[in-house]
Amino acid sequence: MNRPVFLPAFCLLSADGQDTMPVQLYRDILAAIREGRIKKGSKLPSSRKAAESLGVSRTTVNAAYELLRAEGVLSVRQGAVPAIHVPEWPVKSETSSFSHDLSKRGQGICKDLRRNSFVADQGRMSPGVPDEALFPAQEWARLSRQMARRKHGALSAYGSPYGAPALRAVLAERLFTDRGITVSPDQILVTTGTQASLSLIAQVMTDPGECAAVEDPCHLGARTAFLGAGLTVAPVPVDDDGLDPDLLPDQTRLIYITPSNQYPLGCRLSLSRRMMLLEKARSMQAMVLEDDYDSEFLWRGKEIAALTAHAAGEEVIYLSSASKVLLPGLRVGWMAVPERLVGPFRAAIRNIGIMANVHAQLVLADMMRSGLYRGQLRRISRIYENRGKALFQALSCNDAVEVKEPDGGVQLAVRFHAGGRETDALTALAHHGFRPARLSTHSLSGTMEGLIVGFADANENTIRKFCSVLEQVLKQ
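Position one of the sequence shown corresponds to residue 1 (the UniProt record's numbering), numbered consecutively onward.
Keep in mind the hints are simulated off the structure, nothing from the lab.
One should not assume that every hint holds.
[What the hints assert, rightly or not] In silico DMTMM-like pairs for lysine to aspartate or glutamate, Cα to Cα no more than 25 Å straight-line:
#1 K389 <-> E422
#2 K404 <-> D424
#3 K389 <-> D399
#4 K404 <-> D241
[To be verified] Computed Cβ-Cβ distance ranges for the label pairs, DEER-style:
#5 R350 <-> S283: 40 to 48 Å
#6 R142 <-> L12: 46 to 54 Å
#7 A31 <-> Q146: 48 to 56 Å
#8 L372 <-> S396: 31 to 39 Å
#9 R145 <-> L247: 50 to 58 Å
Glycine included, C-beta positions come from ideal geometry on N, C-alpha and C.
Could you put the whole structure together from the sequences, leaning on the hints where they help?
Here you go:
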């Protein structure tokens, strides 16, 4: 005899659940059918008996049965016991025979090079991170409210995929006055940051298997972008004058460089090497990618114009962002491309869809036009300079490390004289809430060990505590 199914064996109802009781009952029965625990042809109890066994009202059961009937799972006829009448679904197995592996391109994109140097909970003294407390929150909020009240047409549509015209215009002015670069607003493309810009360039300008040369040590974001595009990444050693152009591999297609403040060592590419690099790039038909990293925060030596300003032809693409002056979370960066590449890059941005938030772009444009951005930059530059010098002085007293006085920036490279101590140092510092980065991860040659230490958020007490913890662990 085909007895009705005992529903309490399959249904766990809760009055505190997110769904209503009828929906919970419906989903529990449907899951049991899909998983093969309730078979084809099985009978369900009448609404009265189901209500009694489950401790709910008949209204609840009838509503659940009606949902199952509407799904085509349950046959309910007047005077008859409800019955499951759909064909049996495949029973879920613990292991699946289906496998769709990552593509070679996907494997490159998914390489987690920053696992040991980047964490969501960054903690104190993380490199490349500004001091959140110095963000001009009131000014940003005021400009943001004004922008919202204007009911700007750009906010009611997707806006220009290449960047808000107002922001591109003010950026073109700033690049000329501050970095010596002459470009039109059309040559400026706004993205969600330098990482997005690098990934876009790698996809547009190269084919898989071609060579991208990077500084060694190097910013990990560049390596991940190039590996994701299927490129071969070639490390070029850096000394006190920056990257040596004579060491660039033949057949190089892209040259990534941070000439104003090399990341992470903090040196500056000398003028003679800038000229050599541009000449080398032209002779190899290679595109130079100038990441103008931390050029806003230079305090030692004579300021040098951007590398792009010295380019005689169209061999340089310029990259920058507002991450350090304001906040990384705003996700606004920009690139200035040669005129002949404006059309292709605009099409690529439309197709890939890496447009930055329009509202943030318009507020940033207002901030730059009003002088607030420049005032913010002056204010935090003085603070970061004092903090950077204080950290350098404190670390210089530690005989177990080697540090170079920074020319600027918001981080400092600390090299260990003895090998094998990175993990111990990172573990001890993390215990006290510090999150510097692992220097060896940024070195493709594997010859450097130490830390990359941010100082943007470092006050006197923070620096003293950090240096004390580091000194103790390196003495052990």
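Do the hints match the structure? See the list:
1. Between K389 and E422 the CA atoms are separated by roughly 23 Å; this keeps the pair inside 25 Å, and the hint holds.
2. About 23 Å separates the Cα atoms of K404 and D424, which keeps this hinted pair within 25 Å; it holds.
3. About 18 Å separates the Cα atoms of K389 and D399, which keeps this hinted pair within 25 Å; it holds.
4. At most 25 Å may separate the alpha-carbon atoms for a hinted pair to count; K404 and D241 meet this at roughly 13 Å.
5. Between R350 and S283 the beta carbons are some 34 Å apart, a value that contradicts the proposed interval 40 to 48 Å.
6. Here the CB-CB span from R142 to L12 is close to 52 Å, well matched to the stated 46 to 54 Å.
7. For A31 and Q146, the hinted distance range of 48 to 56 Å is satisfied, since their beta carbons lie about 52 Å from each other.
8. Separated by about 36 Å at the C-beta atoms, L372 and S396 satisfy the suggested range of 31 to 39 Å.
9. Checked against the hint of 50 to 58 Å, the C-beta distance between R145 and L247 comes to roughly 53 Å, which is consistent with it.
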